[in-house]
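For reference, the chains in residue letters:
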Amino acid sequence: MTNVFFSWLSTRLLLGAFLTTVAASCDLLEFSPNDTHAPASERDLTQKNLAALARQPVPTRGDTLRFVFTSDSQRYYDDVPPLVASINQQRGLAMVLVGGDISDFGLAREMRWVNDEFRKLKVPYLTVVGNHDLAQNGREAYQKIFGPLNYTFTYAGTRFILVNTNGREYEFNGHVPDVPWLQQQLADTADVRRQVVMAHVPPDDGDFDAAVTPAYTRALEQAPRLVVHLTGHNDKFYVRQPVPGRVTYISGYSIEQRNYLLLTLWGRHQYKLETISY
Amino acid sequence: MQRFATLFAGLLLNSWSATAQSTDTPTPRPWYVPDHATLQTGGGIGMLTAGAGYTPGRHPHRFDADVLVGYVPARYTGHRAFAIFTAKATYSPFSVRLAERWRLLPLSVGGLVNYTPAAQINRNSADKYGYRGYYWWTPTLRAGAFLGSRIALALPRTTGGKREASLYYELGTNDLYLVSYLPNRQGLSLGQLLTLAVGVKVDL
Chain G
0 MTNVFFSWLS TRLLLGAFLT TVAASCDLLE FSPNDTHAPA SERDLTQKNL AALARQPVPT
60 RGDTLRFVFT SDSQRYYDDV PPLVASINQQ RGLAMVLVGG DISDFGLARE MRWVNDEFRK
120 LKVPYLTVVG NHDLAQNGRE AYQKIFGPLN YTFTYAGTRF ILVNTNGREY EFNGHVPDVP
180 WLQQQLADTA DVRRQVVMAH VPPDDGDFDA AVTPAYTRAL EQAPRLVVHL TGHNDKFYVR
240 QPVPGRVTYI SGYSIEQRNY LLLTLWGRHQ YKLETISY
Chain W
0 MQRFATLFAG LLLNSWSATA QSTDTPTPRP WYVPDHATLQ TGGGIGMLTA GAGYTPGRHP
60 HRFDADVLVG YVPARYTGHR AFAIFTAKAT YSPFSVRLAE RWRLLPLSVG GLVNYTPAAQ
120 INRNSADKYG YRGYYWWTPT LRAGAFLGSR IALALPRTTG GKREASLYYE LGTNDLYLVS
180 YLPNRQGLSL GQLLTLAVGV KVDL
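So the sequence lines, in the order shown, correspond to chains G and W. Numbering that gives the first Met the number 0 numbers the first residue of the first sequence as 0 and each following residue consecutively. Numbering that gives the first Met the number 0 numbers the first residue of the second sequence as 0 and each following residue consecutively.
Hints are computed from structural coordinates only; laboratory data are not their basis. Careful, some of the hints might be misleading.
What the hints assert, rightly or not - Dumping the calculated EDC-like pairs for lysine to aspartate or glutamate here, alpha-carbon to alpha-carbon at most 16 Å:
no., chain 1, residue 1, chain 2, residue 2
1, G, 119, G, 78
2, G, 47, G, 115
3, G, 235, G, 203
4, G, 119, G, 41
5, W, 127, G, 115
6, W, 127, G, 206
7, W, 161, W, 99
8, W, 127, G, 204
9, G, 271, G, 62
Claimed, not checked - Negatives, chain G to chain W, calculated, CB over 10 Å:
no., residue
10, 53
11, 59
12, 89
13, 90
14, 134
15, 167
16, 172
17, 190
18, 192
19, 212
20, 236
21, 241
22, 243
23, 274
As the list claims (entries may be wrong) - Incomplete in silico selection of chain G near chain W, CB under 10 Å:
no., residue
24, 32
25, 35
26, 41
27, 43
28, 74
29, 77
30, 103
31, 104
32, 106
33, 111
34, 130
35, 135
36, 137
37, 139
38, 168
39, 265
Ideal Cβ placement from N, Cα and C applies to all residues, glycine included.
Isolated chain G, as found in the complex (with noise of 0.2 Å):
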């Protein structure tokens, strides 16, 4: 009896152990470094780090809203666990948005490698588009591994606008960033307090398409619920107001700089931001 346990044991061990082989080795089955492959638990992160954050409470009392701002990831793998880490360490914190620049080749397997870190995180991520995550055949694999270029989603009476501004990977083609489409979102103002605009690429930068520039900014003016407008792409942290009293762009540090942005939202348009080293 124990010598029929011990061998339907040993089967199911073996059996265990070749399909998770097989299953393994089904993963390093690469045909093109460019091809769109993942498993399922690592496609279409968006939708899933949303539904994670749909499920998750306020972590802070009343209307204030914390989250990281931070960029930027591109071939900077040493410096992810430590940035995971201190996020780990914040207190009331709600998300993490990440400004695009995910992979540097636009390699699927460069977008896992980031989840690989990014999914230790205890509260959900969520990115916009950079213009490396669109270079090679990352358009398809960046819309594969994450989603959308240009999405939105409300959070504690917070709509996030995340849209796709690296106008020079479509050869400034005048629809890049999608500007009817950003007046559509700031417009939809329904159970909205307050507006938060994240991209990759700054609208006064030469890899913005200036022909689209008047018009973005135009939308983002006539925006009154707009608290900031966050930005990746230049490694330099900034803070400015072109117009007082109107948009304030913040342009995040990159995670190679082992700094980040922490967020808090309250009221109407207050808001504070502290830089964390780590």
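Knowing the structure of chain G, use the given hints to seat chain W on it.
Just chain W now, kept in the frame of chain G:
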């Protein structure tokens, strides 16, 4: 996957029967006729990759030079299918006899270069960014290196000589994965860079 397996087996059998006929000729082959045919999956050069190559040293230690064309269906590229053209060199320095007709080549080392002429690959055109070298790598040309093993079965020829059919695997990586790893040896592990290739070679 099952359709793919059937196709793979079908192509293999097809090449087999084609070669069986050609070996009946006793005359020495012209120099340009390849020494072997190859069929592979994975390794970053196609889902289904077929090619031919030369084995200058012949048995038992072998150096193989192959030219291959790979196919990646649209399902795996997000848009249109890719064709990947590869030149590959493999060296297997050791040979261990396992049985009368079986031998093991426990170590193969090799390198390859490949070209993917797909329109959907966003080109790093020189004028896209005003400053040179912003995107410093070539998007369609890749280089790779690999280690692997191979098991070979000797088959009798009607003409008296012998030929081999072999099964191989390779664990490899490419230039972009390697430059991602080198400055990030804490953040990435070697295992995260690996790709697997599995293939068969049949002497013609």
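Of the numbered hints stated previously, which ones are contradicted by the structure, given in increasing order?
5, 14, 15, 26, 27 and 39
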